[in-house]
Amino acid sequence: MLTDNPFAPHILVVEDDDNHAELIKRSFEDDLEEFRLEFVSTVYDAKKAMEGRSPGLILTDYRLPDGDGSELVATAAESLPVIIMTSQGSEQIAVEVMKSGAQDYIVKSPESFGIMPRTVSFALKSWLLIQARRQADEAVIRAKRDWERTFDAVPDLLSIIDINHTIIRVNKGMAERCGLTVQEIVGRKCYEAVHGLREAPACCPRFDMKQDDFVHIKEIEVNRLNGVFDITISPLTDEKGRITSYAHVMRDVTERKKVAVEKLAVEQQLQQGQKLESLGVLAGGIAHDFNNILAVIMCNCSLAKQRPKLADELITEIESAAHRAADLCRQMLAYAGKAMSTITQVNMTALVDDMVKMLRSTLNQKVVIKHDLSPEVPSIRADASQIRQIVMNLIINASEAIGEAPGEIRVSLTKTEIHAGQPDKDHLGKIITAGRYVCLEVSDNGCGMDDETRQRVFEPFYTTKFTGRGLGLSAVLGIITAHKGAMQVSSQPGQGSTFKVYLSVQGSDSAGDESLPPVAPAPWQGNGTILLVEDEPQLMLIAKTLLNELGFSVFEATNGKEAVELYRKNAECITLVVTDIGMPVMDGYELIRELKIINPDLPIIISSGFGDMDVTSQIAEGKVAGYLSKPYSFNRLREVMKGVVEKQAEI
2 MLTDNPFAPH ILVVEDDDNH AELIKRSFED DLEEFRLEFV STVYDAKKAM EGRSPGLILT
62 DYRLPDGDGS ELVATAAESL PVIIMTSQGS EQIAVEVMKS GAQDYIVKSP ESFGIMPRTV
122 SFALKSWLLI QARRQADEAV IRAKRDWERT FDAVPDLLSI IDINHTIIRV NKGMAERCGL
182 TVQEIVGRKC YEAVHGLREA PACCPRFDMK QDDFVHIKEI EVNRLNGVFD ITISPLTDEK
242 GRITSYAHVM RDVTERKKVA VEKLAVEQQL QQGQKLESLG VLAGGIAHDF NNILAVIMCN
302 CSLAKQRPKL ADELITEIES AAHRAADLCR QMLAYAGKAM STITQVNMTA LVDDMVKMLR
362 STLNQKVVIK HDLSPEVPSI RADASQIRQI VMNLIINASE AIGEAPGEIR VSLTKTEIHA
422 GQPDKDHLGK IITAGRYVCL EVSDNGCGMD DETRQRVFEP FYTTKFTGRG LGLSAVLGII
482 TAHKGAMQVS SQPGQGSTFK VYLSVQGSDS AGDESLPPVA PAPWQGNGTI LLVEDEPQLM
542 LIAKTLLNEL GFSVFEATNG KEAVELYRKN AECITLVVTD IGMPVMDGYE LIRELKIINP
602 DLPIIISSGF GDMDVTSQIA EGKVAGYLSK PYSFNRLREV MKGVVEKQAE I
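The sequence shown begins at 2 in this note's numbering and counts up one residue at a time.
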């Protein structure tokens, strides 16, 4: 039906035949759908009407007084649908009309006039679908164009490569870096364009991806492109999930690598400078302490010559100085992490209590030591002598921080547990491993430390007092680390310092006492012939004398080569070998290997001044029968020899 409803479709009818115009009007009047019709009779009038208000559809005769309907199709310029009507239809006219862009072509007849509203309604609906599809196509084209612009704008070298390494698509950056145009590089093999090779190199990340179909990233130096690249390769799949191609991304990290290398070089120089500084302090401290010890030994030796009657007393002093030297060596080995501990079950409460009682009489009498030792503290598996060293050093350090003024040192011992996720950190800011610990806390109200001092306090021989104080807290830290413990330090200038030591509770929680002090060995005697290998003449002489005292006869060799020759000649009578490690010509490690080839069952004892762990870590388990750490006493020598001989007798 015809209506004035502004929302009804507006149809511009261009018809110069009044009868045909009337038939068209009647067909729309009789239809149930609402339409608005506007009638004109010429092309000129139609164009004018289109200028005023664009209709929703043009229904026009093909032959008009001033032209034909095809002109209106061109005027509409695909902005609205046009239906062409003709009285005498032909295939030629139909083809021309449709080629011009008309929406439909109708041959005039009573039947076509009768269904004209339906024809127009269908054309309008079809036009909406065409417009929607056109907009979708335009959106796809815009998206494709935007993607291509983005693809080319990315500074990384991008390419799409098929499963045969053939380049399907690249961005401009990739083509330019390879010295080619986009057209020239497409179709080439990626290894040809990137590496200048005839086949894929072994470093190609696609080989890795073929194993698991995952994204792979590799850093590769590409000589042809004069750079280092992070190369990412990602699989591209079809709708069935099959890999059809790969996204290949190359990010130039040459400058980043260069900066990283320069930064590392600076850091290494800084670390080397710090190491040299620490070594200088360490060497000065060791020289100071050893010179003091040597002075005691030399002076007592001179005095013994002058006063033979005091020889026994002076020998005791010399022996004491030698023990101090040995203790200093053990501290250095502990600092270096090369000392082997003697692990026992240690009653921490008893140990700390004994150390506090002992130190009370030796420290400044103005300093009061208060201790709170919980009886519920569990025992720990540890080296008792090294734990004593921790307690002693921390208390002495606290006393020196107080100085000559009256002060107070507080020592406490508690059991504690650190749970996973707790923020407890050690002196380096590392999270302390979760677990059960015995916590030894030593605090003082002394001078305290500023940030610089607190950061350097664990350096060997570092002190704010005077040069050459000893390994001190650095040895303490080495012992704690060897026992898989942790340390916390808090201090402020003028407010004192607090050191907390966390020692892991392992094994039994029973508060059993540490092992009793060893009883003096019985006067054991051995027999047989020993091959003694030692390059230090004085040590060779004293070791041979001590072995003779124990009942052994001795073959002497000053290096590994001599030892092998002696053993080959006297293998039947040599029952045991005692060898040094650091020797000329052939060292102890090679000697052990050679002797074990000759006689795999030959018992060998290592006698060395190197750290136990440093030596044993380089020798397979079971290759040696015992270890004799230098310097050693006569009793220690007898103890080791007895253990090895008796063990061999049991075999």
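Hints listed in this document are in silico derivations from the structure and should not be mistaken for laboratory results.
Fair warning: there could be bad hints in the mix.
Claimed, not checked - Below 25 Å or equal to it, Euclidean Cα-Cα: the simulated DSS-like pairs (lysine-lysine) are: (1) K145 / K173; (2) K416 / K310; (3) K624 / K648; (4) K597 / K624; (5) K431 / K371; (6) K624 / K562; (7) K545 / K416; (8) K485 / K597; (9) K219 / K145; (10) K545 / K485; (11) K545 / K597; (12) K643 / K631; (13) K48 / K109; (14) K545 / K570; (15) K48 / K26.
So, going through the hints one by one against the coordinates:
no.: 1; hint: K145 / K173; result: holds (16 Å)
no.: 2; hint: K416 / K310; result: violated (54 Å)
no.: 3; hint: K624 / K648; result: holds (14 Å)
no.: 4; hint: K597 / K624; result: holds (8 Å)
no.: 5; hint: K431 / K371; result: violated (30 Å)
no.: 6; hint: K624 / K562; result: holds (19 Å)
no.: 7; hint: K545 / K416; result: violated (50 Å)
no.: 8; hint: K485 / K597; result: violated (35 Å)
no.: 9; hint: K219 / K145; result: violated (30 Å)
no.: 10; hint: K545 / K485; result: violated (40 Å)
no.: 11; hint: K545 / K597; result: holds (23 Å)
no.: 12; hint: K643 / K631; result: holds (18 Å)
no.: 13; hint: K48 / K109; result: holds (23 Å)
no.: 14; hint: K545 / K570; result: holds (20 Å)
no.: 15; hint: K48 / K26; result: holds (21 Å)
Against the hints set out earlier in the document, violations occur for numbers 2, 5, 7, 8, 9 and 10.
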